[in-house]
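Q: Residue numbers (this note's numbering), protein chains in the order written: chain D, 1 to 209; chain G, 210 to 414; chain C, 415 to 861.
Calculated from the structure, these hints are not laboratory results.
The structure displayed is predicted, hence computed values, not measured ones.
Errors might be hidden in some of the hints.
[Unchecked claim] Computed list of lysine-lysine pairs in BS3-like fashion (alpha-carbon distance at most 25 Å, straight line): (1) D:LYS106 x D:LYS118; (2) C:LYS614 x D:LYS8; (3) C:LYS686 x C:LYS614; (4) D:LYS8 x C:LYS541.
[Stated by the list, open to error] To be clear about the criterion: a stretch of chain C counts as covered by chain D if any three or more of its residues have a C-beta under 8 Å from a C-beta of chain D, and this derived list gives those stretches: (5) 428-434; (6) 499-512; (7) 584-590; (8) 718-724.
Glycine included, every Cβ here is placed at the ideal spot set by N, Cα and C.
As a plain string of letters, each chain reads:
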Amino acid sequence: MGALGLHKKLEENTGLLIFGILVVASIGGLVQVLPSLFQESLRTPTENTLPYGALELAGRDIYIREGCSTCHSQQIRPLLAEVERYGAYSRAGEFAYDRPFLWGSKRTGPDLHRIGGKYTDVWHRLHLTDPRAVVPASIMPAYPWLAERQANASEDIERKLRGLRILGHPYSDEEIAAASSVLEGRSELDALVAYLQQLGTAFQPGDQP
Amino acid sequence: MTTTRFSPLLISRLLTQPSRVFADLAGTRPNAAEVFFKLAIWLGCLPPLFAYIGASHFGWHLGAGTPLIVPKPVLAGISFAYFLTLLFGFVTTALVSQWMAATYGARLSLGIHMALITIVGAPLAIGSIMHLYPHVFLNVLVLVPTLIWSMYLLYRGLPVVLRIDPQRGMLMASALVAYLLVAAVSLLGLTAMLWIHGIGPRVGY
Amino acid sequence: MCAGVYVAAELVWPTIDFGQPWLSFGRLRTLHTNVVVFGFGVPALMATGFYSVQRTSHVPLFMPRLAWFVCYAWQAAILLGGLSLLAGVNASKEYAELEWPFDIAITVVWLSFAVVFFGTIATRKVKQIYISNWFYGGLIIVIAMLHVVNSAALPVTLTKSYSLYPGAQDAIVQWWYGHNAVGFLLTGGFLGMLYYFLPKQADRPIWSYRLSIIAFWAFTYSYIWAGPHHLHYNAVPEWVQSLGMVMSLILLAPSWATMINGIMTVSGAWEKLRSDPAMKFIVLSLAFYGLATFEGPMMAIRSVNVVSHFTDWTIGHVHSGALGWNALITFGTFYFLVPRLVGAELYSRRLANVHFWLALAGIMLYLLAMWAAGVSQGLLWLSLDELGELRFGFRDIMASMAPYYVLRFLAGVIFLAGAALMAINLWLTMSGRATRKVRPPAPVGTA
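Put together the whole structure using the sequences plus the hints.
A: Here it is as C-alpha cells:
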C-alpha cells in the first residue's frame, strides 16, 4: 500500500497537493528553460548586429502593433530549400536586441528575416498601402493608415529607448536625446519600411558567433 | 431473423435506402474471406485505378504552377502501394472493430465487422472517381463531404449491423472514429517522414 | 468564434477589413485567439470549477463575494483586453498578447480564483480531494507560474512594455509558456471538467483510480518539457529541441491513459445516451482528444516537423483540439449543467442532436481542409527540381491555398451555426424558469 498510501496523504492535504503540483511542474522549466537564460551565446549579438535606431524601433513596434507576426515568420531554418528561398539561416545572435522575439509560428506570407534590401523602398510603400497592386493574388490586408499617421504621434520614443537601455541595449545619451528629431516629419509607413529594410542585413556569412 | 447471403450488391442501395441496407446486412453471417474477395478487394481497386489513369493523363495538380508529371512505371508503383494500403486499412479497421466488440457487447465475427467497414467505406471508394482528374483541391471538395457521409453511415449502421443498442452503438462508433482519426494522422506523419528520408518527391531538407 | 469565422473570411477576401485598423487581420486574429482561450475557455473552467469544487467538497464556495468578483472582473478584463488588442495594444507573444496593465489585472483576478478554489477545498467536509480538483488545481497553479514568468517585461508607457528576455531566450520562455498554456489550461483544466462531469452524467465512478493518479502526475511532469517542439530547427540549442521532442512523445502515454479512463467509464453507461444529448458530445470529444494528443507528439518528431512547421497543418492541429476536444466537452457539459441549474429540462433534444452533427461536420471539414493545405504547403515549400533549385515560387504556393481557405471558412460557419443553435436552446431553457440554487450535497455520515 506504500505508494498509494503516500498518495492518500496528498489527497487529504490541500497544502501538500499544491506544493506537490508546484514542484513537479517546475522541474521541466528549471532544467530546460533556466539554463538557457544563463547561456551567454543565446543573447550575445553577432558581430554586426546593432540595437535598433529610433526610426527602426518605431517601425518594429508598428510591426508588433499590427500583428504582422501572425502571418510572417522571422526564422530561416537550416534546411536546403529554405536557405535557397530566403537566404542564410537565422542565428541566435541576430536576435539579441529583439524584445520580444518575432520569430512567428505561421507563414501565411513569406519569411521576412532577410527581407532587408530585397525590394526597393517604393515597392514596400506600394505593397503596404495596397498589397494587391504589386502582388495580385495576395491576401495580405492593406495598411493605408500608416502613411497618414506620424511616427512619433505618441511621443514616447525617448522613453522606449531609455527602457531598452535599462534592459541592456547600449544607447548613448545623445542617441536618446536625438530620437525625437530623427522621427520628426516621418510617417509610420517610413518607420515600418526602415525597419523592414534593415531586417537580416547585419549578418554576413562567417560572422561570429 | 432469417440468415441471408452476403451480397456485394448491397452497396447499390446505399444512397437511397441506407436503413434497408443495414437491416439486410444485419441478417447475414458472412465470413471474412467472402467479404474480402467479393467486395473489399474490388472497392479497393477503384481509387488506385482512377488515380493511375488521372495522373498519367493529366499529371498531379498540386495547385501551384505546372502539373507534376511522374513517369508511368513510378505511377504504377504508387498506385499499387495505394491499393495495398487501402486493403491493409480495411482489414486492420475491421480487426480493431472486432477487438472493441467485446467491450460493447457487439457481434464478434470478423466477417460481419469486415462487411460493416467495407460497406460504410464504399462511398469513399466510389467517390474516388474524382482521382480521374488529380487536382488536390477538387478531390478534397468531393471526398470530404463523402467522408462525412461515411461517418454518418457508420453511426447509423453500426448498432443495426452489430446488433447492439443504438446508444452502445454510438459509443462504439465514436471509439472507432477515434481510431480512424489516429490512423489518418499517422498516415500523414508517416508520409511526411518518408519524404524527408528521400522516399517520395524531391525535397530540399 | 465569430471573430474566428471573420478572420477565416479575411483570408479569402482580404478587403473585408474595409481599411479599418481594428478589423485588420493581424489585430482580429489576435483578438480571436485571446478571446476563445480566455473568454470562452477560462470562464467555462471557472464556472465548472466553482460548481464541481462545491459538489465534491460538500461545502459552498469559500468567500462567495470574492467568487463573484472573479466572475465579473475576469469578464471585464477580457472584454477590455480584447478591445485593447483591436486598438493595437499588443505584446506580441502568443496567447500573452495583452499588455502589462492587463497582465497585472488578470494576475489579481487569478489569485482570487486560487483563493476561492483552494479555500473551498481546504474547508471541505470530505476527507479526500477528488481528482477533478487536482486538475483544476494544477490549472490554477501552473498557469500562474507560467504567466508571471513569461509576462515579465519592463513597461515604458501605459500601453507598451519590452520583454525582459531578448531574442532566442524569449523564444524559449515563450514556448515554455505557450505550450503549457495549452497543456494546463486547454488540456489539464478540461480534464478536470471531464473527471467530474463524465462520471456524473454516466452515473458511474471513474474506471480506474490508480490510472488516474499515475496519469495526473505523469501529465503534470512531462507536459512542461514539451515546449521546444515549437522551436525545431530554430536558433535554440539542439539539446533543448531534442529534449522537447522526446518528452512530447512520452507525453502521449498519460494523455491517452486519461482518455482510456474516460472511454471505459462511459462504455458501461450507454443507457444514458438514450435520454441525454450531452453525453454524445463528451464521448465524441474524447475521440478528438485522442486525435489531438496523438497528432501533437507526432508533429513534435523532427522529420515530421520539417514539413509541418509554419504551415496550416499546425492550425488544423490546434482546431482539432480546440473544436474537437475543448468546445465539444464544454458543449456537452453545459447541456448537462444548465438544465440542472435552472430546474427545467433542456428545451429541445432535437436541436441538440442537430448541433452534434453540425459540430462534427464542421470539425471534419476544418481538419481535412487544413491537413490538405498544410501538407501541400510544407511539401511545395521544400520541393526542388532535378537541378536542385526551388520548384515553386512562394506566391504560387500561396495562391493555391485559396480554395482550402474557402473550405475552412465554410467549416467555421457550420460549426458556428451549431453553436448558435446551442445558445438558442440554452436560452430558451433558461428563460421563463426561475433559477434555483443548487446546494452542495450534505456529507454522508461523518467525514
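Q: Against each hint, give a clear statement of whether it holds in the structure.
A: Okay, the hints, checked on the actual structure:
1. D:LYS106 x D:LYS118: Cα-Cα ~21 Å, so holds.
2. C:LYS614 x D:LYS8: Cα-Cα ~23 Å, so holds.
3. C:LYS686 x C:LYS614: holds, 11 Å
4. D:LYS8 x C:LYS541: holds, 10 Å
5. 428-434: holds (count 4)
6. 499-512: n = 7 at 8 Å, threshold three: holds.
7. 584-590: Coverage by chain D holds for the region 584-590 of chain C (6 residues, Cβ < 8 Å).
8. 718-724: Result for this restraint: holds, n = 3.
Going through the hint list in order, the structure satisfies each hint without exception.
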